[in-house]
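With the working numbering, letter number 173 in the sequence shown gets 179, and the count goes up by one each step, no holes.
Bear in mind the hints are in silico, worked out from the structure with no lab data behind them. Hints should not be assumed to be uniformly reliable.
[As the list claims (entries may be wrong)] Heads up, simulated DSS-like pairs for lysine-lysine below, C-alpha to C-alpha not over 30 angstroms straight-line: (1) K606 - K589; (2) K954 - K426; (3) K853 - K1096; (4) K698 - K465; (5) K1095 - K889.
[As the list claims (entries may be wrong)] Derived DEER-like restraints, expressed as beta-carbon distance ranges: (6) V858 - M1107: 39 to 45 angstroms; (7) R627 - G1099: 46 to 52 angstroms; (8) G474 - R627: 40 to 46 angstroms; (9) G944 - N999: 41 to 47 angstroms; (10) S938 - V475: 40 to 46 angstroms; (11) Y776 - Q857: 27 to 33 angstroms.
Beta carbons are placed, not taken as given, at the ideal position from N, Cα and C, and that holds for glycine.
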Amino acid sequence: MESPADKTDGSSIKPVSSLLARFESMNQASPQPNSTIPRSPAPKPERLRNFKTTGDAAAAPVTPTKNSIPKEKPPVKPKPLHGTALSAQQKRPALDESVLLPPPVTVQPPQSPPQQSRQQPIRGDQSPFLDPSTAISHPFTSSKPSSAASSRPLTPTHGVPPPRSPRLAGSKPPSPPPPRRTGESRRDKEARALTPVTTGRSEKRASAYLPPAAFPQRQESLPGSISTKDPSPFTSPPSSNSGSDDESPPQLPTRPNRAANNAVARQSHGATSFPPPSVHHSLADNRRNHPNGIGDSRKALHKDPCADEPPPPLPVRRPTHEMPSKTVITRDMAPPPRPVRAPAQQSPPKRDPIPALHSQPLSTQQFLPPPTRNRSKTLESKNSDKGDFPTSVSPEPKGPAEESALPNIACINRKAPYLKESCLSIEAGYEPKQFDVCGDVVCATGSFTRGWNTLDGGKLFSLIHREGVKATAIIFKPNLDPDDEGDQIWIGMNSGDMMEVDVATGRILCTKPGAHGRYEIKKAYRYRNQIWTLDESGCLHIWGPDVDGTPNLNKNPTHTHRVPTGHTFSLVADGQLWHVASKAIRVFDPWSAAFQVLMKPLVTEGTADITAGTTMDAHPRKVFFGHVDGKVSIYSTSDYTCQKVIHIGGWKINTLAAVSADLWVGYSTGVVSIYDTNKSPWVTKKEWQAHKDGIHQLKADAAAPYRIERAQVVSVGNDGMVKLWDGFLQEDKLEASLESNETKFCQFDELSLMVMTWNAGASTPHSLRYSDGDSSFFQEFVQTSGSPDILVFGFQELVDLEDKTATAKRFLKSKKKDGSDTDNMSHHYRDWQEFLRTTLDDYAPQKPLYQVLSTECLVGLFTCIFVKSSLLGRIKMQDLQSKTVKRGMGGLHGNKGAIAVRFHIDDSSLCFVNCHLAAGQTATKSRHEDISNILKTGLFRKQLDESKRQNYYRGGGDGDLIVDHEICVINGDLNYRIDTMSYETVVRAVKQNQLSRLLDRDQLLVARRRTPDFRLRAFEELPLNFAPTYKYDVGTDCYDTSEKRRSPAWCDRLLYRGNGKIEQLDYGRHEVKVSDHRPVSGNFRLHVKKVDGGKREQVKMEAHKTLEAMRQSYLDEAK
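Work out the full structure, taking the sequences as your base and the hints as a guide.
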C-alpha cells in the first residue's frame, strides 16, 4: 500500500473531517500502483517546495478513489458519528492485524481540563504535514475501538516497530474540550500546520490523583490489543441518526470566546456539544455556599436551548486520595511490619513496639501511589479538615486539658548533683549547639566538632569545618554489639551534607554530599537500629540497617517522607515522629499507609509555643512537651489526647530529659530543675544554677549504665561548657535517708516561740503610753504570751517614711564601722528596745528573765529577739548573724527590704526574717521580685565542714541562704492586697464576716495557687480567720475614709517553714489604734535536735549499703 505522503502536494491542509473521511475510505478501492496523485491548484508553501519524504522514493503513486478527495460543500451542522463508524465497520473487510502499523496521523478528540487521566495526542513518524523543523516523533497509543481500527489501511513506517506509549491508557473516554480564546464559532478551513501537543502541568497533577488501580499494565500499542468495550471518542449519543450516508465531512465543535457566554457556545454545538469543564472543587464549594446563590444565577443565564433533551452525563470522577508524603524505597529491604490501626471513629488499640529492621527483599507492591503537586494536607489549609485523605485516627475534641496543681517546692535541694570520681565539666572552646553522649564519649558540634572522654575530660578528636559550613545535627551510629556503641558518629551539616567520623581517630570514614540536597539538616534521631534525619524543607530520611544490622551512609536512605516546614521541635516516640511547628503538633507514622496519623494538628489551649520534649520510661506511651511559658503538657501516644498540663516554672523551657521518673528541665536562665513525676502533685526535688546563661540541651545517657556503670546526664550551655551530672542523685538520696532516720541518732527538745509583727506607723513608746486604750497593750501581750522560750518582735515604719527630709537623711547616713549595735542605732530604735526589755522584766509571768539576743534595724525596719537566760548557753554565738537586704528603689535604699537573723540552738539552725515589701494595689509583681531576691541572696557565712553542714542545714545548703535553715519564720508588712474588688464591696464583706470571698482574691494566696516560681509557696500559713489588718483611720475602728479610700487587706502576715520541726498553734490580730495597721502574732512549737556523731556514722554506713543496692538494681534494669 502506498504511503499517504505520495498523495500530498504541500498545499493547504484540509479540514480534519476530510482527513477522517479519507482514511475511512482508503480500503474501499484496491490500490493502483501506477496511478497519479492529483495536486492541489493552491500554491505550494515555500518551506515544502524542496521537501521530500522518505515515502516519495519508495512508494508508487496510488490512484485516488471516489472517497479519497472530499467534495467541497458548504458548512453544515456536525452530524453524529456513531452510525457512520458502525456502517463502515460492517461494509469493510477485516485486515490482518499482524501487518497493521500506526498511521502517520491519528485524529484525537480535543483535550479537556484535568478531570480524569487524559491521553496525549498520538502521532506517527515524521508526517509530511508537519514542518521539518518542528516534526517530533511521538509514541503511539490508539484510543479507538479495535473493530474500527482493524478495517482501516495503515501506512507502513519502513519496518520501524511501534514505540510504547509513555502514558498509561485510561479506561474512560476523554473529557470535553476547553473553550477557545478566539471568537470563532467554527473551525476555519484554511490550511494550518499541526503542532505537537505536550502534556500540561495540570495533566501531571491530575494523573497524580489516581490510585494504583488506575494504572493498568502496559500493553503493546497495536490496534488489535485495544479493547472493543471502550466507546469510541467519535461516537454520538444513542439519540442521534445512525443511518446517515451523507458524505460531507462533519464539522468539529466550535470553541467560543472566553468572553462569550455559554449560551452562544451551546447553540453552536447543538446536541453533540460536550458539557462545560468542571470547576475546581474549592470554587464549587464557594459557589454552592455563596449567600447570593451565584451558582443558580449562572445556570439561569446560560440555559441550554435544547434543555428538553438530556445532555450526555459527565464521566464519574475517581475518588482522589491525596498522599501527604511520598515514600521512596531505594534499597533492597522492606520496612518493618506495619501495625494495624483502628478506624478513624475509634481510638486505636495499643501498639506493640516496632521490631528492629532487618534486610528483606522488596516487592513492587510496597510502593505508594505517586504524590500530587498540590499542597500537602498536613499543612493548615482550607481543606485540611475535610477528611478527604486517609488518616488512621480522628480524635474527638475534648476541650482544654486538665491543669494540675503546681509542683510542691517545700523540699527543694539546691546542691548540684556532681559525679564522684569523674570529670565535672569540659570547656569546649566554642559555643556548641548540639551534642550527643554515649558512655565514656561525648561529642559536641557547631563551628567545630570535638569529642572528649567523660571520665577524665581528655580530648579525643577535633574537626574544623570549612568556612560557612556548620554542623547542625549529631548522633552516634547504632551498633549490634553494645560494646561497640560510640565508635562512629554521624554529623549533619547546614549544607545538607552528611559524614561519618571515627571517634577514636577523628578520621572521616565516609561522606554523603547532598544527602538532603542543599537544605540544612535540623535534627537527627535514633530509633532502635535506625537513624532518622530531618531537614528544613521537611524531608525526612530513614536510614535503616544494612545487611550487617547497622545504617550505611554509603547507600541511600531506605525510606523518604515529606513533612511540613516550619519545624521548631520534634522527637520520635513509639516509632512515630511527633513534629511541632510553633504550637501545632502533628504525628507521622512511617510504617503506616496513612503517613499522617491525625486529621488535624494537636494544639494545647492555654499554652505557648513548644520548645522541648521527651519520653519517660516510668510513663510509657506518653510524651512530655515543654513550652515557652514554663508549662509541661503530657500527651498520650495511644489516643493522642492531652492528658494534663502542669505549670512548673516562670521561665522559658529550653530542654527536657528524663531519668526513670525524674524529669530534668533546663531553663533559659541556666537553671536546671528536677521533678518527681510519680507524686501528685509533682515534687521539685532539685534546683541549681547549672550554667551562667541559658541551656541549649540536656540529654540522659542511655548507654552509660552498661558502658561505664553509672547514670549520667549531660548539659551544654551558652557559656560554652559541657557539664556532667549524676542521674541517680545519690547524694540527695543519702541526705533524704539520713533525715528520715534522725530519730536513730538524734535527741529532740521542744521549745516555744512567739512572733509579733506590727507596722507601727512611726509610733513611739511615748505615744503608745499616752494613748487611750493602747497604753496597756504590750503589758497584756507579755502577760498572756505564756512565757515562750523565744520572743521575736518585728516592726515596720518605726520612722515616718512619708517625711521625705528625714528619710533622705537616713538614706545618706552611713553606719559607723566601730561601736556596739546600741551606738549605731538611732534613738527611735533604742527607745523601742528599752521599752520592750523593761516590759518583759516587769510583766513576764515566769522567771528566768529574758536576754536580748539580737537587734537590727534598716530605715524603719526593726527586729528585736529575746531568749530566756536558761537557753542562752545552748546557742552558739559564733554562728549568730544578722543581715539586711535593701529593696527600695531597685535595691539601692532600705525604705523597703528585709532583716534576717540566724543562730543555732544545739544542732538545729533557726532564721527569722522581718520584711517590708513594695506598696501599692498593682505592685504585685514587684512584691514577688522583692521576696524572691530576699530569699535567694547569699547573706551568711558558708559552712565548709561537710559533717556540720549536714547537721545544721537542709536541702543541700551550706548556710548562706535563708532557706538553708531547718526552721525559718517570715513576718512583716508584705503589702499583698485584695484584687478586683471595690472598696465598698470589701468593707461590706468584712462587716458581714464573709471573709472567704475576700480570701479568694488575696494576692498572696492567689500567687501560691497559680505562680510556680513564687518563693513563698515553700512556706506555710495558718488560715486567716480575722479581719483585714489594713488600712484603718488612725485612732478609730473605721477603714480608710480618706480620698484614696484604700481597700482593706491582709498586709501583715506570718509564714513558716520547718519540714515537721515547727508547728503554729494560733494566728490572730490585736486591737491597737495608734497606727493604720493592726498587730499580728502567732505561737509556735519548735523541735530542736542534738546529734550523736557515732550513731550518725553507723546510720550513714547502712544508708550507703542500701543506696548501693538500689543503684545496682537501677543499672541492671537500665541495661
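Hint-by-hint comparison with the structure:
| no. | hint | in the structure |
| --- | --- | --- |
| 1 | K606 - K589 | holds (13 angstroms) |
| 2 | K954 - K426 | holds (21 angstroms) |
| 3 | K853 - K1096 | holds (25 angstroms) |
| 4 | K698 - K465 | holds (23 angstroms) |
| 5 | K1095 - K889 | holds (25 angstroms) |
| 6 | V858 - M1107: 39 to 45 angstroms | holds (44 angstroms) |
| 7 | R627 - G1099: 46 to 52 angstroms | holds (49 angstroms) |
| 8 | G474 - R627: 40 to 46 angstroms | holds (43 angstroms) |
| 9 | G944 - N999: 41 to 47 angstroms | holds (45 angstroms) |
| 10 | S938 - V475: 40 to 46 angstroms | holds (44 angstroms) |
| 11 | Y776 - Q857: 27 to 33 angstroms | holds (29 angstroms) |
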